[in-house]
Each structure stands twice: as C-alpha cells, then as structure tokens.
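Undergrad: Heads up: the protein sequence lines correspond to chains Z and B, in order.
Going by my numbering, the first residue of the first sequence is number 79, and it counts up by one from there.
Going by my numbering, the first residue of the second sequence is number 260, and it counts up by one from there.
Some clues are possibly wrong.
As the list claims (entries may be wrong) - Label-pair distances were calculated between CB atoms; the ranges are:
{"hint": "1", "chain 1": "Z", "residue 1": "261", "chain 2": "B", "residue 2": "324", "range": "46 to 56 Å"}
{"hint": "2", "chain 1": "Z", "residue 1": "405", "chain 2": "B", "residue 2": "478", "range": "48 to 58 Å"}
{"hint": "3", "chain 1": "Z", "residue 1": "547", "chain 2": "B", "residue 2": "524", "range": "29 to 39 Å"}
{"hint": "4", "chain 1": "B", "residue 1": "386", "chain 2": "Z", "residue 2": "454", "range": "29 to 39 Å"}
{"hint": "5", "chain 1": "B", "residue 1": "422", "chain 2": "Z", "residue 2": "485", "range": "42 to 52 Å"}
{"hint": "6", "chain 1": "B", "residue 1": "313", "chain 2": "Z", "residue 2": "309", "range": "36 to 46 Å"}
{"hint": "7", "chain 1": "B", "residue 1": "386", "chain 2": "Z", "residue 2": "463", "range": "47 to 57 Å"}
{"hint": "8", "chain 1": "B", "residue 1": "524", "chain 2": "Z", "residue 2": "312", "range": "55 to 65 Å"}
{"hint": "9", "chain 1": "B", "residue 1": "283", "chain 2": "Z", "residue 2": "485", "range": "29 to 39 Å"}
{"hint": "10", "chain 1": "B", "residue 1": "342", "chain 2": "Z", "residue 2": "118", "range": "48 to 58 Å"}
{"hint": "11", "chain 1": "B", "residue 1": "348", "chain 2": "Z", "residue 2": "118", "range": "36 to 46 Å"}
{"hint": "12", "chain 1": "B", "residue 1": "478", "chain 2": "Z", "residue 2": "230", "range": "49 to 59 Å"}
{"hint": "13", "chain 1": "Z", "residue 1": "420", "chain 2": "B", "residue 2": "422", "range": "40 to 50 Å"}
{"hint": "14", "chain 1": "B", "residue 1": "286", "chain 2": "Z", "residue 2": "275", "range": "47 to 57 Å"}
To be verified - Only some residues are given here: those of chain Z computed to face chain B with a beta carbon under 8 Å:
{"hint": "15", "residue": "120"}
{"hint": "16", "residue": "225"}
{"hint": "17", "residue": "394"}
{"hint": "18", "residue": "497"}
These are computed hints drawn from the structure, not numbers from a lab.
Here a beta-carbon is modelled for each residue, glycine too, at the ideal position from N, C-alpha and C.
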Amino acid sequence: MARRTGSPLTFLSARPRRTRAVDGGNGLGRGWRIHLGSFAFLAPGLVWLLTIAVYPLVATIRNSFYDSTSTNYVGITNYRAVFSTASILVTFRNNVIWVLVFPFLVTFVGLGYAVLAERIRWSTAFKTVVFMPIVFSATASGLVWRTIFDLDPHVGIVNATIQTASSWVDPPGLYPIDTSAGQSVAALASTGVVAGPSDSLQTASTVQAGDVAELGLTGMRPAALQLAGAEKAVVPDPFLGSVSGLVWRDFSPSNPSAKGQVLADEDGIPGLRLSLIRSDGSIAGSTTTDKHGGFRFDRVGGGRFRVQIDARNFGSGFTGIFWLGTRSLTPTNGLNQTAQAILSVPLVDLSMIVAYLWIWAGFAMVVIGAGLAALDREVLEAARIDGASEWQMFRRVTMPMLSPVLVVVLMTMLISVLKIFDIILNMAPGSSQEDANTLALGMYNYGFTGLGDWGLASAIAVILLILVIPAMAFNLRRIRG
Amino acid sequence: MSASSVVAPRLVGGIRSVVHSFRRARLLLNVLVALIAIFWLMPSVSLAIFSLRPEALFQQSGWWNALLKPSELTLENYQVLLSEGLVAGGPLDSLITSFEITVPSTILVTVIASLAAYSLVFGRWRGRGSLFLVIVGLMVVPIQVALIPVVQLYREFGSLTGFNPFGTVTGVVIFHVAFGLPFGIFLMHNFYAAIPKELLEAGRIDGADDWQLFRRLALPLGLPAAASLSIFQFIWVWNDLLIALVFLGGNRHVTLTIFLFDQIRYLAANYWIISTGGMVSIFVPLIVFFTFQRYFVRGILAGAVK
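Bound conformation, chain Z alone:
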C-alpha cells in the first residue's frame, strides 16, 4: 500500500505532545491497555451479534428437531414433513425458478444498460431513472406492479396495450358474446337460422338467386342494437339474380311470445357481416346488413347457397390476461398433485420476476458500470490499434476483464432471490399466494401465521441457511483472496 502523507498526518503532527503524556513509561501496562482499549470497541457489536444472530442460528437448528412449540424432541419429523408436503415442495420449485432465471437476467440487462449508458451524453439522468426503484420498499413496488399487471384493461397497462394492439388484428364484433359467462352464439338462433361452423350462424335451408331469406335472432342486447343504430325491420323485395333478405331481432316487446314473423315493433339488426356460402363451402360473396337489417348479394349466378352470419360479429376481442394468476407455462395436465407442484411454472412467477428486474437492474448496471470504468484503458487501446471491431473488443477484451464483476453481481442477486420474501407477499394476489410461495415466505407463513408451527418453520429456515452456504463460501474466498 502506498504511503500517503495527506492532511491527516499533518493534523496529528501539528499537536504532537498535547495528547496525553505516555503513561509512566510502563511498557507492559501500556501494551495491555492498548489491547483492552481496542478490544472494548468490539464488545458492543460482538455481544449484539452473539445474542441476536449467532445464538439464534444455533437455536433454530435445535428447534428444527423439536415440535411446534419447541418443547419435545421429534427427530427429523419436521424435515420429513418439508419434503413430503406438496405446498412446501412448491416453495422449492419457485426458488429454483427464481434462481435459474433471475440472476442471469438481471446481470444481462445490467450489462446492457451499463454499456448503453457509456455511449450517451445524459448517462447520469438515465442511471438515476433506472437506479431509483431500488429505494422503494418491495411493498410499494409490489403494489405498483400489481396495478400494471391488473386484469382489467382500464387499470393494467399491460393488458390495455395488448388490447389496443389486438383490436387492430382481431377487432371485437358489434355484438360480442361472452363465452366465459356461459353465453353461446348458437343460442341466438331463432327463426330460419341454425348454428354454422365455428361460432357462425347459417340459414337453416338453402337459397338461390331471387329468394328472400329471413333470419331471426334472439338474445341480442338492446344496448348493442341501439349503439349500431337499429331501426324497424323491413323485409326487402326479391331482386332478380340476387339473394336478398334481412336479419332481425325476432322479439316483439308488445307480443313476446310471437316468434317467426317480422312484426311492426321489431328491429332489424344492422352492421352484421354476412357471407354467401356455396354448397361446396366456398364463399360466393359478402355484404353487411343495413339499419333495417336488410341485405342483398348481387349477381350470384346459379346453384344453391346458404347465408352465413360470420363469427367475427360475435367475437369479444381481447379481454385481458391474468398475469398474476397461476396458469402454468408448462403442461402439467394428468400429473399427480406432487408432480404438478414440482413441474408447473405459474405465470405469476414470471410477472414477479419482471417486477424484481425493475427493482434490481439499476444495481447491476451501477456495479457493472463501475467495473467498466475501471477497465485498463491501455489494453482496450491496444486492441483498437490492432484493428479489433467493436464487437470483437467487447467479446474478447472487455468481457474477460469484466467477468469478476459479473460474477459478483450474479452471486449477490442469487443470494437475494434465495431469500426473496416481500415482493411475493405484496404482489401476488391472495388466490395466487400459495402457488407463488417461496422458502423464505413459507418460513414466515408456517411460523407466524395461523397456529404457528415453530418446528416446521425452523426446519425451513435451516434449509434456507444450507442453501446460502455456497454463496457464503464464495464471499469468504473472495474477501480472503
């Protein structure tokens, strides 16, 4: 270490003998005092750590072999329970998912951001924005991300974005049918109409040029009809060489039981997209109903046809994905409960990983950024002069020099996700809590909610401790080396 002769030294030498005189020249006594003095400084911290950290650690190991109130020795019963209870195996699975996905993801993103930040002029502002979430409590962050992933597209921006995008590709129909609420398109058929292929409706009998088809539907929402500008149903006249007809609401408010005929107070159904289907299934033409429900396919030629009310009239479009739900990303149908618990990957886990990335990417970026700034410029210059491209320099020079820092970020994040607790408690809704549970949260749940099984909770804590030991060993080697 370089000897520094800065202001502190001059500060001391400026008043050399004014600090108390040497105690009587008794070397042995003075040495003893120095030992005692500096050791006394350690005492408060040492006592604190021994009582509130080291002793409890040992006591927890003991408690894990005792019953739920730590009174009777029960052997390895608690550990057996840990490995045979499906809801605890779920916590292992979730810890594995977090450990496999998160540290690499956050290191990769942090590296990307650090590299990007080096190349812009407003890097301080950028770094501040990315780093800021780290000071929020996981409780507040969990709340924020809960709203972002909300099912309702009026609340959750993720579902709102998907809804907007999907309404270009697959716009909702004028008369949406909510199949999840038990409604069906087939139930709309009333007069002269039967269910067609894939949620469409078709005329019950075939028609030919010159015919007038009457298609009666029931169960249409009055509000939807009003919105589409429906007016009184009018049966069009036959037209030479064309298939004409109407689609109407086969329901008369004044005479509810009368079906099958077009009455004076019945409305046409406007805006329906119709297709004319040949007997071989090909499409002969398409049209849309007018405000009286009337339509006409012109110059249809010979043969017999069916008029089809297309499925897209009844599509409800995108209604939202439950991002915080427990739907598994891996197929687990037909497996037994334990296998399901171990092998499924619930959607809520991935949503929480995104939220946690938002919190920690700034940390990874700042640490890796500091690593980048500390790289040996001469080596980089030499590589540049030798004609290495940007990518080659990054792959062959920067990355190897940076790898110790990347490993540190990986390990720090690994420890963090092994102990992951409050983001889950706050972000996963009640219905998903059990599927999103982790070891650290499970320990709290088993120990401090409900009846409280301290034996089982201690066993989970010990397992958690065993799992962080490799990380501990890594830290110690790094600090020693």
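Since chain Z is already given, all that's left is putting chain B on it; use the hints.
TA: This is chain B only, laid out in the frame that chain Z set:
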C-alpha cells in the same frame, strides 16, 4: 485535369456518408435508451397518478389518460388519507413509527460498526482476521434463521425483568441492529483498512490512546463510509416488512410498510387509496436518495465489489 480533383469530391462524399451514418446510429442509440428510461419511469409515474386521480375516474379509464388531461388530478385521496389524523395504525402514525424504528437502528449500527471495525483493523489482539471472516459470513445469513429464537429470547427476558421487547419498537430496533451490523462492520472495515497503518502508529507513539485515535483519526477519515452506511441502513430499515411484521406483533402502532401491506390485503383493488399510502411510504426514501445519491451508490459499490 489532375487526379486529385477527381478523388477529392469522392473522398469528401465518403466522409460525409460515414459522418451521416454515425449520426444516425447515435440517434438510434439515444432513442433506444430514451425508450428504456420511459419504460423504467412508467411504474413510478403510474403510482403517482393513481394517487392523484379521483375514485370516480378509476373504473372508467386507465391512469395514462391523465397524461393528456392533467386537469383531472386532485389531492382528494391525500385529504381522505390524512383526515384520519394521528389515529393508531393510520398513515401519519405509521410514518412516525417508521421514524422511531429507523433512526435509532441507523445510529446504533453506524456507531457500533465503526467501533468494531476500528478494533478489527487497528487492534493488536489475535484472531482479528478470523473474526472478521465470521462476520462477513453472517452477512448472507437469512434473517429467517433468527426470528423464532429471538422471539423466545424476548419472552424469557420479559419473564426475568418484566420488560418483554416483543411487540415493541425496542424489540424491532434490537433485531435490526443485529442484522445491520455485519454489513456495517464489513463496509467500515474495508474503509479503515485503506488508512495507512503508519498514520496510526505515529499517533500511538505520540501517546494517543485508542479512544483518541478513533475520535481524531478514524472517525473523521471514515466519515464518507459512515455516511454511506447510514443511508444504506436507513433505507433498508425503512423498507423492511418482515422484521416489523414479526416483532411488532399485535402492536397498534405499525410501520408504513405494514400499513401499506394491510391496505393491499384488505382493500384489494381500491388502488386509488392504496397508491396514496404507497406514495407516502416512498416519499422519505426518495428524498434521502436524491439528497445523498452519491453516498448511497458508494455504499452499494462497497458492498458488491471489494
């Protein structure tokens, strides 16, 4: 006609196109980074807007509509929240409880860690190195391993002395200090270790005892590290949920994180009022962050890279 007059325009054109493509790449890069920044800012902005939009608008339209119509924002939700006043378990009361826990925890950790680190670096007793390694090892120990035995300890202490720290602010602080110390000692140790030993030897020869050396030398020199540690510890304790949840037990006064956690649990989807509580809870750490950003980042770097 000389050759150069033919080559020169071509060369200039080539340079121009290089400059042009370089500029375009720069623009693209800036746009990309700006998009990332907007994406990263979005959750915080949404929390703020949620808290500022009246309940009536909540079901009607997404919070992002307020970006186009800022006039619809009001302080209504804050008035509702603050109208509860200082009732136990309310937002203002929780704010005070959070301070009651955070401030002593921060001061104690900083002072005790500084003293311990001084002893570990400059002391002359044997086994300092091994003890330091044990403390570093404690840094990653999950707090879950200590929860139950400390609850038991508190009870025993209560039956012995009549004061059971369980369920009190004191009990929470004691636990926080224990689990803040390893990182605190680690951070201060690394900083003190960079102070030249000769400096201290000179002081000793001059007859200064350890207390004087600590006060006159280590403390002023270690001030930046102590600042980093304090800020780090402050934010860590302020944001803690688990320790407060366990050790405040059935106390009517709760921390802001518990207040918010309860709201999330019981008010489920009433985001407008929960978000207002969320804003109150991030207000203090945000101020600390923006005031002492440099020290905070330094603390993080010291913890991550030696």
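Undergrad: Now tell me if each hint is right for this structure.
TA: Going through the hints against the structure:
no.: 1; hint: Z:261 with B:324: 46 to 56 Å; verdict: violated, 30 Å
no.: 2; hint: Z:405 with B:478: 48 to 58 Å; verdict: holds, 57 Å
no.: 3; hint: Z:547 with B:524: 29 to 39 Å; verdict: holds, 34 Å
no.: 4; hint: B:386 with Z:454: 29 to 39 Å; verdict: holds, 37 Å
no.: 5; hint: B:422 with Z:485: 42 to 52 Å; verdict: holds, 47 Å
no.: 6; hint: B:313 with Z:309: 36 to 46 Å; verdict: holds, 39 Å
no.: 7; hint: B:386 with Z:463: 47 to 57 Å; verdict: holds, 51 Å
no.: 8; hint: B:524 with Z:312: 55 to 65 Å; verdict: holds, 58 Å
no.: 9; hint: B:283 with Z:485: 29 to 39 Å; verdict: holds, 36 Å
no.: 10; hint: B:342 with Z:118: 48 to 58 Å; verdict: holds, 52 Å
no.: 11; hint: B:348 with Z:118: 36 to 46 Å; verdict: holds, 42 Å
no.: 12; hint: B:478 with Z:230: 49 to 59 Å; verdict: holds, 56 Å
no.: 13; hint: Z:420 with B:422: 40 to 50 Å; verdict: holds, 47 Å
no.: 14; hint: B:286 with Z:275: 47 to 57 Å; verdict: holds, 51 Å
no.: 15; hint: 120; verdict: holds, 4 Å
no.: 16; hint: 225; verdict: holds, 5 Å
no.: 17; hint: 394; verdict: violated, 19 Å
no.: 18; hint: 497; verdict: holds, 5 Å
Against the hints set out earlier in the document, violations occur for numbers 1 and 17.
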